[in-house]
Amino acid sequence: MKNNILQKNEIYNRQFAVLIFFSALIFKLSRLPRLVSVTIGNMVLMVELVLCIIDILLFILIYYYISINGFELSQKNCPIALKILLVLLLIIFTGKFILYYSSGATFIISSLFRSIAPYIIIVTFILPIFYLAYKGIVSIARTAEIFFILVIALLFFDYTFLHGEMDFDRLKPLFTMSVGDFTVNMNSFGLWIGDLLPFLFIKMKKHKFPYVALAVPVTYGFIILNIIISIAIFGGALFLIENILVIIPTFNEFASTLGKLEWAGLIPWFIMIVIYLSCLLWGCFEIGEFLFRKRTVFAGIYVGAIIIFLLSVKSMQYVINMATTQFVSIAFWCGNSILPLALLLVAIISKRKNEKQKIMPEKENAPILLNAPGKHEVTSSEIQEKNSVNSTTIVLPAPSNHGGEK
Amino acid sequence: MNKILRAKWLVVFLALCVMIFFGRSVSINVLTDNAVVLGLGIDYTEEGYDVSAQSIVPQASSSGNASSKKYVIFSAVDKSLSGALSQIGEKMGMIISLTHCNIIIVSKDALEIGLNEEIQNLVNGWFLTLHALIVGTEEKPIDILSAETPVSVSSAEYLQTLLLESISFSNLTRYKVKDYIVDNYTQSAVSAIAFLERAELPENSVSSPTGETISTKQYEYNLTKNIIVGDNVVPFTVEKDIAQCINFLKIKENGGMLTIDFPEGEVAQLEIISTKGKLKFSEGVVEASIKMNLVLREFVEEDEAISLFLISEEKLKEIILKTEATLTQSLKNTFQISQETNVDFLLLAEGMYRKFGYTWEKPANFLQNLEFKTSVQVTFKRG
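These protein sequences, in sequence, are chains A and B.
The first sequence lines up with residues 1 to 406 when you count with the working numbering.
The second sequence lines up with residues 407 to 789 when you count with the working numbering.
Isolated chain A, as found in the complex (with noise of 0.2 Å):
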């Protein structure tokens, strides 16, 4: 009989794939091609595939730290180790929840609810993220589930109907400045990588088809695509768009019939900030429940203090435009890069760990094992030898001049 009993944070691959959707595009899409351009000018698509290569190997990092179970290895057999990484990868995703809540919150402030108090905003904006991280992955998960039919119709029909007078040639050139500058001003985008490592938590329930080997493709693809139509439609105009994807649909076949169809992509825009943020949330309290054990207590004062927060900085913007000051960018380059691995590298040494204490009681019991009736005795030299070959008990059955059952 099919068991559909699901653990704790075990979530099915096709529910993985869509959160794998949601939270790789938002940002990339949503402030990132503006800053890029401000910043350096008409590269943001060399920008953004570097970026997209970076987080898909990052993700195949987190990919085999999930297959191996690397968190529940690493909490057996090297607890101080996983400890001391993830109050660093809890500082990193503090930041990172802060800047894109911020970011967030000030589009949802300019585009739709300009003469109100951002205090507002903040508190709303909250509610439904904390609840959802608060349930935790299963919920986010089947929550994504259900609105990535209306994401996916409204993107279709976005894409479908695009009508946005495009020029590719605004795609050249590639590069508008030398690969040594390229490189020095690339420290500045460090927020924007590693968006999938909230899921170095989850556990994964396989269906046969690949969901997730598809899902990665797509949304770099799509990402990619996005930024190319986006350039196409608006060259070096590029950093007046606050948002590409509530912009695109506005570039619609019906859009001088039904007026300004931004709001088929604020829908979009709207739910997959919200999941993504969850995840985000969601691998902070799963931080904070291993690290302090309360749960609830952490995530109250968790997010408590991060509204307090951001009800006290002078201006949101002021604490977006940290996202790419020297030193937090750095930081986040070297936090979203180094600490994946470094929690691998905790994992399979703990995978090892455990291997070695699979093998260690058995050594203990091998000798009442050998020494049970119908079973013959058999040198130490004899057992170390077999262990070396294979852990898992051993059994020989009783010799045959031995009597036994005969």
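The set of hints was computed from the structure by calculation and includes no laboratory data.
Careful, some of the hints might be misleading.
Claimed, not checked - Within a straight-line C-alpha distance of at most 27 Å, the following computed DSS-like cross-link-like pairs (lysine-lysine) qualify:
no. : chain 1 : residue 1 : chain 2 : residue 2
1   : B       : K686      : A       : K172
2   : A       : K8        : B       : K414
3   : A       : K172      : B       : K684
Note that the structure is predicted; figures quoted are calculated from it, not measured.
Given chain A, put chain B in place with the hints provided.
Relative to chain A, chain B alone:
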């Protein structure tokens, strides 16, 4: 605590709290508080921006009043466009909404000072749609907005229909806010905008429902020319054939008619089915090529139209050659004007930059030292 948070009613309670909190703190404007601007006129005087807005007032239209009262025009002068718009809002007692404004009529004076940043502010601050069309004029924009056309009472509505919906049968310049901003951020920083000219029609007498005879002045618009504007450029207009050539090279969707005059007095009317204009760049050389698919609609010889089936193959070949020669000459004239005025409205510097990358630097006398080659290919069929 865990059980409490899991409870479904908590979600409902929270949702209610959010709605009450949000509803109490946010003032949501009703539709009738908004003045839906259909067309915007921008002029520049010594006192600042003279802005006029033609809008449709929902209250007036919903109460079933006559359609002549549906449209209102308000204007204000201020040092900034935003200031002028705010004043118009105050005069109307409504909130100005530019989300449905599909046409902006800008005077030559306003174009001369450059409106790039101002237009961007309208997009970002006043939600002006990027699809709005920009039209240049030598007249006062308010006069254009307030003029009545035979097709529609609202000039803005008429121009919008003319430019946005007549793609298949016209080769008018459909230059949008987005194009204006994008072209301003090229190496050339020059735009070729549709130029509007107005001509008064004979007075039209209409009987009102009360039996009175009302004479109305109506106007027709000519939009075949272009006005060239840009950084450090004194705006100037170019004629229909030059405007057509700019469109062939820059815009993908082209339609309309092409008139070819023969020296013997014969005239061929050709319908443009499709065009493909391209600019190829190499070191110091630009090659402009146009591939055009045409249909012969009418051929007039000695003031009489000839049946298209009676036209000989030789005559058809002659028409093709003449068409190609005319278009080639128009392309050469276009480049010549660009050279003479030293204004790069074909965006040739941008093309060079795209071809040779960031190491390319615009040389002194760029246009004067550039070799301009042309290639025109016409495919043709009888009507």
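Against the structure, the hints come out as follows:
no. : hint             : in the structure
1   : B:K686 to A:K172 : 14 Å, holds
2   : A:K8 to B:K414   : 20 Å, holds
3   : A:K172 to B:K684 : 15 Å, holds
Checked against the numbered hints given earlier, the structure satisfies every one of them.
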